[in-house]
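Peer 1: Sequence lines, in order, name chains A and B.
In this text, residue positions in the first sequence follow numbering that gives the first Met the number 0: the first is 0, and each later residue adds one.
In this text, residue positions in the second sequence follow numbering that gives the first Met the number 0: the first is 0, and each later residue adds one.
Please note that a few of the clues may not be correct.
[What the hints assert, rightly or not] Here are some chain A residues pointing at chain B (derived, C-beta under 10 Å): (1) Thr-48; (2) Val-49; (3) Gly-50; (4) Ala-55; (5) Ala-176; (6) Phe-177; (7) Phe-183; (8) Gly-223; (9) Glu-337; (10) Pro-341; (11) Ile-354; (12) Arg-363; (13) Ile-372.
Just so you know, these hints were derived from the structure itself, not from any lab.
Nothing here was measured: the structure is a model prediction, and the numbers come from that model.
Here a beta-carbon is modelled for each residue, glycine too, at the ideal position from N, C-alpha and C.
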Amino acid sequence: MSDHIILPEGSIEKQTTTLNLGPTHPATHGVFQNILEMDGERVLKSVSTVGYIHRAFEKIAERRPLYQITPLTDRLNYCSSPINNMGWHIACERLLGIQIPKRVDYLRVIIMELARISDHLICNSIVGVDSGAYTGFLYLMQYRELIYEIYEEICGSRLTTTIGRIGGFERNFSPAAFQKLEKFLKEYPRALKEFENLFTRNRIFMERTIGCGPISAERALNYGFTGPNLRAAGVDYDVRVHTPYSSYQDFDFIVPVGSTGDCYDRFLVRNEEMWQSLSIIEQAFQKVKEFKGADAEVFHADAPDYYLPKKKDVYTKMEALIYHFKIVMGEIDMPVGEVYSPVEGANGELGFYLISDGGRTPYRLHFRRPCFIYYQAFEELVKGGMLSDAIITMSSLNLIAGEMDA
Amino acid sequence: MTLTNDIIKLKLTEKFGEELTAWQEPYGMLTFTAPKELNLKVLQFLYDDEELKFRFLTDLQAVHYPGNKGAELAVVYHLHNMIDNVRIRFKVFTDIEKPDVFSATALYKSANWMERETYDFFGVNFIGHPNLIRVLNVEEMDYFPMRKEFPLEDQKRIDKDDEMFGR
Chain A
0 MSDHIILPEG SIEKQTTTLN LGPTHPATHG VFQNILEMDG ERVLKSVSTV
50 GYIHRAFEKI AERRPLYQIT PLTDRLNYCS SPINNMGWHI ACERLLGIQI
100 PKRVDYLRVI IMELARISDH LICNSIVGVD SGAYTGFLYL MQYRELIYEI
150 YEEICGSRLT TTIGRIGGFE RNFSPAAFQK LEKFLKEYPR ALKEFENLFT
200 RNRIFMERTI GCGPISAERA LNYGFTGPNL RAAGVDYDVR VHTPYSSYQD
250 FDFIVPVGST GDCYDRFLVR NEEMWQSLSI IEQAFQKVKE FKGADAEVFH
300 ADAPDYYLPK KKDVYTKMEA LIYHFKIVMG EIDMPVGEVY SPVEGANGEL
350 GFYLISDGGR TPYRLHFRRP CFIYYQAFEE LVKGGMLSDA IITMSSLNLI
400 AGEMDA
Chain B
0 MTLTNDIIKL KLTEKFGEEL TAWQEPYGML TFTAPKELNL KVLQFLYDDE
50 ELKFRFLTDL QAVHYPGNKG AELAVVYHLH NMIDNVRIRF KVFTDIEKPD
100 VFSATALYKS ANWMERETYD FFGVNFIGHP NLIRVLNVEE MDYFPMRKEF
150 PLEDQKRIDK DDEMFGR
C-alpha cells in the first residue's frame, strides 16, 4: 500500500513545515502575510509580507488640494480614523499658520479620545478573542457602536469619518451629540470595569499572555516602537505630553507604562489608557460647557482661505462665493515650507511630513505610520515561541493593515 | 541645561566643520544637509554624543527634485532625542543615476523597512542593507512610482482641459 504514495522531492529530508499565516487568515485581522517556518508547534522563522492593500496615498496626495486628502487619511488606521483626520488637519494648520480657538481644540480632544477608546477596546477585546474568550469582545462592541453614533451625530459617517475641516468642524456639535456623549461617559466605565474583571486577574488569560512576545525597552526603541507598545516596554513617551497639540497641555492625565513589554503589559497599558481617555473626555466636556454666550458657538477658526463659508453666504455674498469657488476647485496656493507634525495615534506616533513648494497640492507628503515601523519586530517577538503565541502577539501589537500599507 | 538648536548646531559644526550646509529652522525644527558619504558618521555622532543623544529614528524617506541636476534625490532623516525632547531633520542628496547611500540598518533596526520603502518608491540603493527588496509594491515592478516623472494620470489625455484649473 505504501508503495503507491509518492512524496514530493526533499520532503523526507526537510525537518520543518512551512506555514502560510495570512493574507486572509481570520487570525491576522487584516490583509498581511506571515510565512512561518515551523518545527512542530514552534516558530523557527517568520517572514512578513505587507503591501496587499497598498493604495499609493502618498502619490495620490501629490495631485490633490489639502482638503481632498482628508478622506485618504481615514483609510490609514480605520479603527480610529478621527485621530488621523485631526492629525492631518493639525499638520495643515501648522503649515498654514492657522490659530485654532480653544473650544475647537477641546472638541477635537473629545473626538480624538473617543477614537482612542474605540481603537483600544477593539484591540484588547481581540486579544481576548484570540486567547479564547469571546464574551468581552461582544460585550464591548455595543459601546463602540455608541461611539460610532456620536461620530454619526457630528459628521454623518461612522467608520471612515472625514470628521472636521482644516480650521475646525463643519458644524457645531448638536445637543443630541452631547447627550450621547453623556450617555457614553455614564455607561462605559461600568462596562470597562466588568471587562477588566473578566480578564485582568483571570488565571487562564494571565498564563496565556504573561511572557508572551516580550521586548525590552532598548530593543523597542531601536525598532522604532511608539505608543502603547513602547509604553508597555517601560518608556513613558507620549506625543500628547512631549509635543502637546490641540491644547493637550490643559488636561491632567497619567501616562501608564508597563515593564516587560509582553502581551499582558500591552493589554494593561491599553486598558489604563482607556480610563485616562475617559477622564480626559470628562475634563474636556467640562471645559466646553464653561464657554458661554458667543464663545459657546465657536466651532471653527477664522481661515477664509481654507474653511468653506456658510452655504447661505455663498448664495448671497460675493466674497463668500469667491472663497467657496477657490476652495472647492483647489485654487489656493500654499505657503512654501516643510513641516513634520506628529500626533499620538492609537498605535503610536502618527507623523505627517508635508513639503510644500508654494503650489496648490503638497510637493511631497509622507505618513509616518507607526504600525509599518514596529511590525518589523514581529519576527524577533515570535521566534522560538508557539504558534498560538504568535497569533496573540500579532493581535496585541494592534496591526492594522490599512495603516501598514498606506 | 536645555538642549537648544544653537547648541546642536555648534556641536555639529565643531565636529564636521564646513561639511554640513543649508542650516534652516522651518517651523522650529533644525534642518541641515550633509554630504552623502557622511550620513552614517553624522548619525553615529548624533547617537553617541553624550549631550546630543539622538537615539530614536522617527522617520526616513526620500524626496525627488527633478530640477536639481546631479542631486535629484534627497533622503530625509528625522531624529528624536527623547530625553530632552528635541527633534532634528537632516538630508543627504544623491544623484539619480547612481543613487547609492549608506544604510542605517546597523544603527537602527527600524531603518530596515523604512529603507526598503524608500528603495521601493524612489530607487535609492542603500549600501549595506541586509535585504533590499520591494516592500509594498510587487517585485516584478520595473519603475519607481514616487519619482516625479511617473505620472499619476495619463498625461496624453485630451478630454480634459487643464488651462483653467491647472491641477
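Peer 1: Does each hint fit the structure? Answer for all of them.
Peer 2: Verification of the hints:
Hint status for Thr-48(A): holds, given a least beta-carbon distance of 9 Å to chain B, under 10 Å. Here the hint on Val-49(A) is kept, as its CB sits about 7 Å from the closest CB of chain B, short of 10 Å. The beta carbon of Gly-50(A) comes within 4 Å of a beta carbon in chain B, closer than 10 Å, and the hint placing it at the interface holds. For the restraint placing Ala-55(A) at the interface with chain B, the shortest Cβ-Cβ distance is roughly 7 Å, inside the 10 Å limit, so the hint holds.
The beta carbon of Ala-176(A) is not positioned within 10 Å of any beta carbon in chain B (closest approach about 33 Å), and the interface hint is therefore violated. Interface restraint check for Phe-177(A): the shortest CB-CB distance to chain B comes to about 35 Å, outside 10 Å, so the restraint is violated. Among the interface hints, the one on Phe-183(A) is violated; its C-beta lies about 33 Å from the nearest C-beta in chain B, farther than the 10 Å criterion. With a least beta-carbon distance of about 3 Å to chain B, the hint placing Gly-223(A) at the interface is held under the 10 Å criterion.
For Glu-337(A), the shortest C-beta to C-beta distance to chain B is roughly 5 Å, which falls under 10 Å, so the interface hint holds. Among the interface hints, the one on Pro-341(A) holds; its C-beta lies about 8 Å from the nearest C-beta in chain B, closer than the 10 Å criterion. A distance limit of 10 Å between C-beta atoms decides the matter here; for Ile-354(A) the minimum to chain B is near 6 Å, and the interface restraint holds. This hint holds: Arg-363(A) has a C-beta 5 Å from the nearest C-beta of chain B, less than the 10 Å allowed.
The interface hint given for Ile-372(A) holds, since its Cβ lies 5 Å from the closest Cβ of chain B, which is under the 10 Å cut-off.
In this structure, the earlier hints numbered 5, 6 and 7 are contradicted, and the remaining ones agree with it.
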